[in-house]
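2 protein chains.
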Amino acid sequence: MPEPTEVPSAPTQERTGQASTPKGERRRQALVEAASELLVESGFAGIRHRAVAERAGLPLASTTYYFSSIEELVERAVEYHGRTELAWGRDRLAELAESGDERLSRDELCELVLDMLLGHNSRDGGLDVVLLRYERLVGSGRRPYLAPLMREMGDELHALLVEILAQAGAPMSSAGMTRLIALIDGTVVNALIEADTDPRGAARRVLRAELP
Amino acid sequence: MPEPTEVPSAPTQERTGQASTPKGERRRQALVEAASELLVESGFAGIRHRAVAERAGLPLASTTYYFSSIEELVERAVEYHGRTELAWGRDRLAELAESGDERLSRDELCELVLDMLLGHNSRDGGLDVVLLRYERLVGSGRRPYLAPLMREMGDELHALLVEILAQAGAPMSSAGMTRLIALIDGTVVNALIEADTDPRGAARRVLRAELP
DNA sequence: CCAAAAGTGGTACGCTAGTACCAGATTGGT
DNA sequence: ACCAATCTGGTACTAGCGTACCACTTTTGG
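Top line first, the protein sequences correspond to chains A and B. Its first residue numbered 1, the first sequence is counted upward by one per residue in the working numbering. Its first residue numbered 1, the second sequence is counted upward by one per residue in the working numbering.
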């Protein structure tokens with residue numbers, strides 16, 4: 001504790017909730033997006049003050065100005081990325097509902113489910129994308145402050161998948177979905193451990209055997 | 001490259017394979033065991049030169065003397081820990097075979113399988129032990145040099161589980177075991193993400209539903 | 001219009017990491 | 001017994017981290 005009395009006007013402590021100025025808000029958002037990119041590219045370890053600031057084209061101090069700690073920045077990045085992915089999934093569902101009678105083929109449905117669980121950029125991105133995704137999942141266990149967020153987004157993903165399967169004419173119970181998600185996740189984790197170069201392929205085989 | 005010519009007698013480069021003296025070998029082993037403990041307690045991040053040296057009661061420089069890099073130390077620690085666990089599992093199998101006719105109850109069998117997959121210190125240790133175990137699994141994906149080792153030990157674990165189930169009178173095919181392992185792993189990972197306080201309990205429910 | 005609040009950015013501090021260095025002690029083969 | 005190989009351990013170097021500091025400029029509300 002340096003000087004417990006001072007702190008004249010510095011908002012460094014509590015009030016880092018949000019910015020108060022349009023430009024400030026834009027900067028704050030730029031930092032969140034930069035952090036989110038780094039999260040996808042290099043995992044939690046990639047979110048560092050200097051890296052985020054550089055990526056956003058802002059000075060180092062802006063990161064401590066808008067976020068009281070690195071944890072807060074991480075949390076915002078995870079939330080931003082998760083909600084972006086969920087929005088992508090909802091778009092796919094909407095497309096599905098819109099196109100009406102023409103059903104998805106079984107293969108197309110499989111790929112869609114894999115997109116939702118492994119990340120839709122895993123179609124060509126290959127290993128790294130999936131690895132980082134699961135690092136992120138397990139890493140959340142070390143960051144209890146992320147738990148409510150992860151739970152909420154996990155539930156949304158679950159519900160979205162149930163809806164998609166129903167829409168595609170292959171309905172599945174909630175319990176069945178929990179089980180399917182666990183099976184796919186476990187398959188991917190085991191593929192990653194063994195340095196399998198195609199975890200999505202492994203997941204695909206399991207998924208195909210599981211869908212009716 | 002500092003001085004490409006010198007290096008009079010320093011074995012710092014290649015020859016860190018093993019020590020040549022009994023005392024040296026003992027020290028080297030002490031370092032591996034210390035690193036292994038740290039791995040279990042704090043994950044890969046816990047294996048650091050200073051921490052390992054302190055745990056082993058040896059000077060800092062001993063870690064760089066016996067291991068050419070931190071990676072080599074990590075690899076030895078993972079191997080030591082993995083083989084210790086496999087040995088524990090084989091002991092259980094031997095006990096099972098020895099006790100002959102008196103079969104394991106279904107519940108006992110379940111717990112044994114959970115011991116093998118989540119670590120037998122997860123019976124009471126609770127969250128951390130399991131979390132660290134799965135951090136370690138996913139973390140191996142980032143360390144390609146561990147891949148052969150992880151694959152080998154994974155295969156041994158797989159085979160051991162098949163043997164145990166056969167011995168316990170609930171035989172399972174190899175493919176079935178692959179699937180069961182994935183299912184349990186996925187269940188645990190999802191429990192960890194949601195900050196479930198009892199991942200072993202979640203795994204137990206799934207396992208019970210899966211065993212005949 | 002003008003104080004006060006908000007935002008800006010260059011810089012520095014304290015810490016910990018991996019690793020290098022090297023003079024001295026110990027040890028093993030001949 | 002001796003000399004070279006091996007081992008020992010204190011110390012120091014560089015790099016990167018999170019964070020603090022503070023003079024300055026811009027924006028905002030009354």
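Among the clues, some could well be false.
[Said to hold, decoys possible] A few chain A residues that face chain B, going by a derived Cβ cut-off under 7 angstroms, partial list only: (1) Gly89; (2) Tyr134; (3) Gly141; (4) Arg143; (5) Met153; (6) Val189; (7) Glu194; (8) Thr197; (9) Gly201.
[Claimed, not checked] Beta-carbon label-pair distances, calculated as ranges: (10) B:Ala97 <-> A:Thr84: 51 to 61 angstroms; (11) A:Asp155 <-> B:Ala61: 48 to 58 angstroms; (12) B:Arg106 <-> A:Pro144: 27 to 37 angstroms; (13) A:Glu41 <-> B:Asn121: 33 to 43 angstroms; (14) B:Ala159 <-> A:Gly176: 25 to 35 angstroms; (15) A:Leu86 <-> B:Gly201: 23 to 33 angstroms; (16) A:Val162 <-> B:Gln29: 46 to 56 angstroms; (17) A:Ser68 <-> B:Arg90: 45 to 55 angstroms; (18) B:Ser173 <-> A:Glu71: 43 to 53 angstroms; (19) B:Arg123 <-> A:Glu25: 19 to 29 angstroms; (20) A:Arg123 <-> B:Ala166: 39 to 49 angstroms; (21) B:Ile70 <-> A:Glu54: 53 to 63 angstroms; (22) B:Gly201 <-> A:Ser68: 31 to 41 angstroms; (23) B:Gly57 <-> A:Pro144: 29 to 39 angstroms.
Hints in this document: simulated from the structure, not taken from any laboratory. Note that the structure is predicted; figures quoted are calculated from it, not measured. Think of the CB as a built atom: it goes at the ideal place given N, C-alpha and C, for glycine as much as any other residue.
Exercise. Output the numbers, in ascending order, of every earlier hint that fails for this structure.
Key: Of the numbered hints, 1, 4, 5, 8, 9, 19, 21 do not hold.
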